[in-house]
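> Here is what each chain is made of, one letter per residue.
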Amino acid sequence: MSNNIKKWFSIGSNRVEKKESCDSGKPCSCKSEKTNDGFDQVLNAPTDRRSAIQKLTAGLLIGAGAVSSSCSVSKTDEAKEISDIDWEEYFKGNYKLMTDTEKQSTVDRLVRSYELRNDKKIDMSAAGPIDDVLYGYAFNISKCQGYMDCINACVEENNQDRDSQMQYIRIHEIEKGEGIEFKNGDDTYYHEVPAAKHFYIGTQCYHCDNPPCVEVCPVQATWKEKDGLVVIDYDWCIGCRYCMAACPYDGRRFNWKTPEVPEEEVNKNQHYLGNRLRKKGVMEKCTFCIQRSRNGKNPACVDACPTGARVFGNLLDPNSDIRWIIENKKVFRLKEELGTEPKFWYYMD
Amino acid sequence: MGVFSNLVKDSCKSIVHGNRAYHVWMAVLTFIMLVGAFCYGVQISEGLHVTGMTDRVSWGLYISNFTFLVGVAAAAVMLVLPTYILNDVDFKQAVLIGEGMAVAALIMCLAFVVVDMGGPARLWHIIPFIGVFNFPNSMLAWDVLVLNGYLIINITIPLYILIMRYQGKTPNPKIYIPGVIISVFWAVGIHMVTAFLYQGLPARPFWNTGLLGPRFLASAFTAGPALIIIALAIIRRFTDFKIEDKTLKKLGLVITVAAQINLIMLLSEFFKEFYFPTHHSESAHYLFFGIDGKDALVPWMRISIIINVFATISLLFHKLRNNLKFLYFVCGLLFIAVWIEKGFGLIIPGFIPGPWGAIVEYTPTRIEIGVTIGIWALGAFIFTILARTGVQIELGKIKYKKS
Amino acid sequence: MQRFIYIIIILTTLFSCKTEDPEKEYGSLHKRIEHQSEHYKPFHVQNNSEIEYDTTQVALDTIAAHRFAIPKRSSIVDTYPCNNCHVLSVEELKKKGGNFVTPKDKTHDGVSAKDCKSCHEYLKKSHWNVSLNHADDKAMNCATCHNQEEMNNLVSLTNKNINFNNSYQVCSQCHSTQFNEWKNGAHGKQLTGWGEPKVRQTCVGCHNPHDPAIKHRWPSRLNTQMIEQRDLE
Chain A
1 MSNNIKKWFS IGSNRVEKKE SCDSGKPCSC KSEKTNDGFD QVLNAPTDRR SAIQKLTAGL
61 LIGAGAVSSS CSVSKTDEAK EISDIDWEEY FKGNYKLMTD TEKQSTVDRL VRSYELRNDK
121 KIDMSAAGPI DDVLYGYAFN ISKCQGYMDC INACVEENNQ DRDSQMQYIR IHEIEKGEGI
181 EFKNGDDTYY HEVPAAKHFY IGTQCYHCDN PPCVEVCPVQ ATWKEKDGLV VIDYDWCIGC
241 RYCMAACPYD GRRFNWKTPE VPEEEVNKNQ HYLGNRLRKK GVMEKCTFCI QRSRNGKNPA
301 CVDACPTGAR VFGNLLDPNS DIRWIIENKK VFRLKEELGT EPKFWYYMD
Chain B
350 MGVFSNLVKD SCKSIVHGNR AYHVWMAVLT FIMLVGAFCY GVQISEGLHV TGMTDRVSWG
410 LYISNFTFLV GVAAAAVMLV LPTYILNDVD FKQAVLIGEG MAVAALIMCL AFVVVDMGGP
470 ARLWHIIPFI GVFNFPNSML AWDVLVLNGY LIINITIPLY ILIMRYQGKT PNPKIYIPGV
530 IISVFWAVGI HMVTAFLYQG LPARPFWNTG LLGPRFLASA FTAGPALIII ALAIIRRFTD
590 FKIEDKTLKK LGLVITVAAQ INLIMLLSEF FKEFYFPTHH SESAHYLFFG IDGKDALVPW
650 MRISIIINVF ATISLLFHKL RNNLKFLYFV CGLLFIAVWI EKGFGLIIPG FIPGPWGAIV
710 EYTPTRIEIG VTIGIWALGA FIFTILARTG VQIELGKIKY KKS
Chain C
753 MQRFIYIIII LTTLFSCKTE DPEKEYGSLH KRIEHQSEHY KPFHVQNNSE IEYDTTQVAL
813 DTIAAHRFAI PKRSSIVDTY PCNNCHVLSV EELKKKGGNF VTPKDKTHDG VSAKDCKSCH
873 EYLKKSHWNV SLNHADDKAM NCATCHNQEE MNNLVSLTNK NINFNNSYQV CSQCHSTQFN
933 EWKNGAHGKQ LTGWGEPKVR QTCVGCHNPH DPAIKHRWPS RLNTQMIEQR DLE
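Which chain is which? The protein sequence lines are A, B and C, in order. Counted from 1, the first sequence has number 324 at position 324 by my numbering; the numbering is strictly sequential. To convert, count from 1 in the second sequence and add 349; that's my numbering. To convert, count from 1 in the third sequence and add 752; that's my numbering.
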């Protein structure tokens with residue numbers, strides 16, 4: 001029985017076969033002889049020709065739509081391949097539970113699907129977490145001058161929707177003298193920076209160590225990886241937006257419509273859990289540029305910041321910059337009292 | 350099982366036959382449902398951006414109605430308790446109507462949840478063992494379980510009773526009483542679980558209070574029986590089904606007590622927010638007084654509180670409460686008041702101000718309103734069908750004839 | 753009947769206990785970091801192709817954190833080596849009577865001056881208008897940092913020679929706090945990723961030593977969608 005359950009999490013083809021073994025028409029060993037159970041009622045109930053034909057037609061119509069796209073004679077090979085890929089992608093399981101081979105096949109399918117649809121090649125990785133790594137991030141409030149170069153880099157790196165101007169990062173301009181009080185701040189400023197008597201503080205997903213968003217997702221479409229990154233499987237998300245209600249830091253974004261990225265701006269170095277192109281109705285968020293950080297590079301925002309206000313590193317490395325910062329600078333985290341343990345510290349000079 | 354198919358056939362016959370008023374009612378409902386279906390079609394093809402929801406206020410009209418209707422569904426079954434456990438005959442007539450209302454309200458709840466989803470085609474991901482079910486961590490998973498379980502209980506128990514009556518037999522108490530007892534506790538359960546959905550989020554201080562669950566129960570027992578009284582009044586007027594005055598008066602008493610408790614809880618919340626306002630009271634401030642000129646919800650809440658207080662106080666007077674016409678009017682008022690207070694008066698302020706203090710107001714679009722009204726029409730449609738069948742079986746107009 | 757209900761209640765309570773995430777065995781993030789870093793092995797980055805600079809190693813002390821590379825300033829500054837023009841030391845030039853530039857360079861024929869400012873402030877052709885806007889003239893002048901004997905190099909406050917590429921040694925004399933933060937990674941820009949080996953930007957890579965103040969500029973973008981949302985009545 002457990003074997004069967006495991007198969008249900010795997011890619012569609014296995015599951016389809018499993019279902020067919022107990023389908024209508026064939027004698028089923030799980031049926032008892034004596035009691036008249038559901039199958040019997042449906043199959044052996046006396047029925048007239050009319051209702052039988054009605055039921056058959058209904059069944060055919062339901063199946064025909066799916067079958068026709070893959071078996072139609074008039075469609076081109078490419079279109080058939082696209083439908084095949086879409087079919088398999090619809091029935092695959094949760095990425096977190098896939099084996100490495102399954103992860104690689106879904107990545108291959110997605111790459112192939114993009115190639116067929118857009119005639120361009122992309123590079124998608126399914127790289128897992130590196131051992132002994134726990135990513136941490138620090139933000140120097142004294143250094144941030146409000147340039148928003150980080151936001152530019154993030155939007156380009158992560159293929160975010162240009163139409164709704166989705167931005168994972170927000171930079172808040174707050175007046176000095178009232179503490180770090182965000183409600184008095186403004187994140188839609190547009191004037192010469194840094195403005196006198198103001199300071200700038202950036203927010204994004206903090207990849208909490210005790211993430212409330214992971215706790216509330218009803219389908220476990222979002223989870224915390226071993227290297228500390230909180231990721232989303234975009235194909236598994238059902239779009240209920242409960243995680244968005246649960247996040248105290250405004251870390252998550254929802255695709256209210258199909259995201260549009262101009263073709264020439266698409267970042268072709270993608271990761272399945274990171275910056276691959278999303279669809280409408282799914283959640284997304286900052287992934288600490290998983291496609292870069294799992295390759296030893298810094299996230300795009302860290303690299304883009306001209307003042308060095310952003311620091312990224314491995315918390316488990318006793319010699320890393322981030323470790324020194326949290327052990328030697330006066331660091332704090334936001335909304336600490338909520339117990340979310342964010343891995344994003346703020347400090348000042 | 351020939352009985353069941355006969356029951357379906359007979360009830361189908363009774364549904365399509367009726368007087369002019371009945372036909373007009375069903376036709377109007379069907380038209381509204383079609384409008385709702387069209388709006389939903391637009392929403393599916395364009396995505397949820399055709400609604401008024403944004404990244405700041407990510408739950409709107411749909412979830413507001415869902416929250417309210419879970420309460421109605423829960424309360425409908427609370428009438429079951431006195432009838433079967435305390436053997437209070439007065440409520441017996443109300444019970445089948447109440448269960449029918451619970452089924453209709455539950456189907457509306459499920460419909461609201463489905464239309465709110467960003468990816469309804471992927472809803473199979475939530476089915477246990479086929480998808481991944483995040484139980485027991487996620488309260489939404491709990492909600493799925495309890496709501497569907499409640500639906501099953503509320504379909505099977507009345508179905509059993511109806512089939513027995515349909516055949517002219519008496520239903521066996523040993524079969525339905527355990528189910529009824531479970532459904533009573535389950536009713537409290539569904540509403541507490543729905544409250545916990547919001548209560549368990551420390552990110553939203555407006556909801557993160559200990560009183561939210563009990564408040565939900567109190568307001569549910571105000572609005573649910575209010576709707577039942579109105580439904581019974583309509584049934585009384587349009588069918589031969591005898592509903593005694595004392596049934597309605599007893600229901601009125603239930604509502605009186607529940608409305609008072611609801612008001613006391615509301616006062617308690619009010620005190621907590623405004624006696625020593627903190628950063629966490631911003632949401633309540635927005636709801637009742639508006640912030641920085643943004644006060645879209647203030648007139649709604651003023652109306653809701655005024656009619657709530659008026660209705661609660663007027664119900665205290667025996668003379669007024671026992672005047673049935675006045676009772677119907679007050680029930681209508683209470684229903685609307687609780688719909689506002691527990692619907693968008695609860696969900697929207699939870700998101701305003703946003704986590705970094707941003708104030709983004711929410712206005713539902715026409716598509717959203719269209720879908721909402723369509724689902725309400727669906728609920729009314731289902732309730733009419735169930736009530737009509739139930740009433741006609743009780744009256745003996747539909748009888749099982751062995752052919 | 754009652755027993756049945758009790759059993760259900762007990763089973764529900766047991767079943768609904770939250771499954772503990774094995775990762776949650778630590779009470780806090782701090783404990784997790786402490787515990788998990790016990791068996792840490794240094795991580796070496798595979799590709800370093802993003803570094804375009806010519807780098808030189810810095811080894812400030814024995815701690816691994818203080819071993820990193822910095823870009824070679826000498827490869828970046830076009831006019832290095834300074835000796836191409838400034839062949840003689842300042843002392844020798846003052847004795848000669850003021851011509852600071854080698855006679856080889858025809859464009860500097862006939863130029864005579866008595867002090868740094870006469871070339872560096874008024875004549876546009878030399879050093880592209882280098883004017884010193886760093887502290888006041890009680891604390892700094894050109895000779896504070898630039899080695900008057902060997903014009904290619906820099907000099908410390910006690911007149912010890914400092915290689916042109918190690919300009920951080922000059923800055924750290926006054927700005928010791930920033931230096932400490934810089935060598936540990938809390939100040940300044942990192943040019944490589946988060947792994948080893950590290951390449952940090954030098955002080956002069958961000959701060960023009962002659963005019964170090966950060967300039968004002970406009971933000972890179974404006975989110976009009978957000979503005980629309982907020983003003984929605």
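Please keep in mind that the hints were generated in silico from the structure rather than gathered at the bench. Any given hint could turn out to be false.
To be verified - Listed below are the simulated DSSO-like cross-link pairs for lysine-lysine, each with C-alpha atoms no more than 27 Å apart in a straight line:
(1) A:80 x A:103
(2) A:226 x A:197
(3) C:783 x A:329
(4) C:847 x A:329
(5) A:224 x A:197
(6) A:224 x A:335
(7) A:335 x A:121
(8) A:224 x C:793
(9) B:668 x B:598
(10) A:176 x A:280
(11) B:599 x B:674
(12) A:268 x A:257
(13) A:226 x A:335
(14) C:783 x A:197
(15) A:183 x B:643
(16) C:783 x C:912
(17) A:176 x C:967
(18) A:226 x C:847
(19) A:330 x C:890
(20) A:197 x A:330
(21) A:224 x C:912
(22) A:280 x A:120
(23) B:621 x A:335
(24) B:599 x B:668
(25) A:121 x A:80
(26) A:183 x A:103
(27) A:226 x C:793
(28) C:783 x A:335
(29) A:330 x A:183
(30) A:96 x C:783
(31) C:824 x C:912
(32) A:176 x B:643
(33) B:668 x B:358
(34) A:103 x A:121
(35) A:329 x C:890
(36) A:183 x B:621
(37) C:890 x C:967
(38) A:335 x B:643
> For every hint, state whether the structure bears it out.
Verification of the hints:
Of the supplied pair hints, the one linking residue 80 of chain A and residue 103 of chain A holds, its CA atoms being roughly 23 Å apart against a limit of 27 Å. Among the hinted pairs, residue 226 of chain A with residue 197 of chain A is inconsistent with the structure: their alpha-carbon atoms are about 42 Å apart, more than 27 Å. Straight-line distance between C-alpha atoms of residue 783 of chain C and residue 329 of chain A comes to about 19 Å, which keeps the hinted pair within the 27 Å bound. With a C-alpha separation of about 51 Å, the suggested pair residue 847 of chain C and residue 329 of chain A falls outside the 27 Å cut-off, and the hint is violated.
Straight-line distance between C-alpha atoms of residue 224 of chain A and residue 197 of chain A comes to about 39 Å, which puts the hinted pair past the 27 Å bound. Taking the CA atoms of residue 224 of chain A and residue 335 of chain A, the gap is near 20 Å; set against the 27 Å cutoff, the hint holds. For the proposed pair residue 335 of chain A and residue 121 of chain A, the alpha carbon gap of about 43 Å is over 27 Å, so the pair is violated. Using a Cα cut-off of 27 Å, the hinted pair residue 224 of chain A and residue 793 of chain C holds, with the two alpha carbons roughly 22 Å apart.
Distance restraint check for residue 668 of chain B and residue 598 of chain B: the Cα-Cα separation of roughly 11 Å lies within the 27 Å cut-off, and the hinted pair is therefore satisfied. Only pairs whose Cα atoms come within 27 Å are accepted, and residue 176 of chain A paired with residue 280 of chain A is rejected, the gap being roughly 40 Å. Taken as a hint, the residue 599 of chain B and residue 674 of chain B pair is honoured in the structure, with Cα atoms around 15 Å apart against an allowance of 27 Å. A distance of roughly 22 Å separates the Cα atoms of residue 268 of chain A and residue 257 of chain A; the hinted pair therefore holds under the 27 Å criterion.
Between residue 226 of chain A and residue 335 of chain A the CA atoms are separated by roughly 24 Å; this keeps the pair inside 27 Å, and the hint holds. As the CA atoms of residue 783 of chain C and residue 197 of chain A are separated by approximately 38 Å, the hinted pair breaks the 27 Å bound. Proximity of residue 183 of chain A to residue 643 of chain B is assessed by CA-CA distance (about 14 Å); at most 27 Å being required, the pair is judged to hold. As the CA atoms of residue 783 of chain C and residue 912 of chain C are separated by approximately 47 Å, the hinted pair breaks the 27 Å bound.
About 20 Å separates the Cα atoms of residue 176 of chain A and residue 967 of chain C, which keeps this hinted pair within 27 Å; it holds. Distance check on the hinted pair: residue 226 of chain A and residue 847 of chain C sit about 70 Å apart at the alpha-carbon level, beyond 27 Å; violated. Between the alpha carbons of residue 330 of chain A and residue 890 of chain C the distance comes to roughly 34 Å, so the proposed pair goes past 27 Å and is violated. For the hint pairing residue 197 of chain A with residue 330 of chain A, the CA-to-CA distance comes to about 22 Å; that is within 27 Å, so the pair holds.
With a C-alpha separation of about 54 Å, the suggested pair residue 224 of chain A and residue 912 of chain C falls outside the 27 Å cut-off, and the hint is violated. The hinted pair formed by residue 280 of chain A and residue 120 of chain A meets the criterion: a straight-line CA distance of about 22 Å does not exceed 27 Å. Between the alpha carbons of residue 621 of chain B and residue 335 of chain A the distance comes to roughly 21 Å, so the proposed pair stays at or under 27 Å and holds. Distance restraint check for residue 599 of chain B and residue 668 of chain B: the Cα-Cα separation of roughly 14 Å lies within the 27 Å cut-off, and the hinted pair is therefore satisfied.
With a C-alpha separation of about 19 Å, the suggested pairing of residue 121 of chain A with residue 80 of chain A holds against the 27 Å cut-off. Distance hint between residue 183 of chain A and residue 103 of chain A is unfulfilled; the C-alpha atoms sit about 43 Å from each other, more than 27 Å. For a cut-off of 27 Å, the pair hint linking residue 226 of chain A to residue 793 of chain C stands: about 16 Å separates their Cα positions. Proposed proximity of residue 783 of chain C and residue 335 of chain A is supported: the alpha carbons are some 19 Å apart, at most 27 Å.
Straight-line distance between C-alpha atoms of residue 330 of chain A and residue 183 of chain A comes to about 24 Å, which keeps the hinted pair within the 27 Å bound. Note on residue 96 of chain A and residue 783 of chain C: the hinted pairing holds, with a Cα-Cα distance of about 26 Å set against a maximum of 27 Å. This hinted pair checks out: residue 824 of chain C and residue 912 of chain C have alpha carbons roughly 20 Å apart, not beyond 27 Å. Only pairs whose Cα atoms come within 27 Å are accepted, and residue 176 of chain A paired with residue 643 of chain B is accepted, the gap being roughly 26 Å.
For the suggested pair residue 668 of chain B and residue 358 of chain B, the alpha carbons sit about 46 Å apart, so the restraint of at most 27 Å is broken. For the hint linking residue 103 of chain A to residue 121 of chain A, the alpha-carbon distance of about 19 Å falls within 27 Å, and the restraint holds. Simply put, residue 329 of chain A and residue 890 of chain C have alpha-carbon atoms about 32 Å apart, too far for the 27 Å limit, and the pair is violated. About 21 Å separates the Cα atoms of residue 183 of chain A and residue 621 of chain B, which keeps this hinted pair within 27 Å; it holds.
Note on residue 890 of chain C and residue 967 of chain C: the hinted pairing holds, with a Cα-Cα distance of about 24 Å set against a maximum of 27 Å. Of the pairs offered as hints, the one joining residue 335 of chain A and residue 643 of chain B holds, with about 26 Å between alpha carbons and a cut-off of 27 Å not exceeded.
Violated hints, listed in ascending order, are 2, 4, 5, 7, 10, 14, 16, 18, 19, 21, 26, 33, 35; each of the other numbered hints is respected by the structure.
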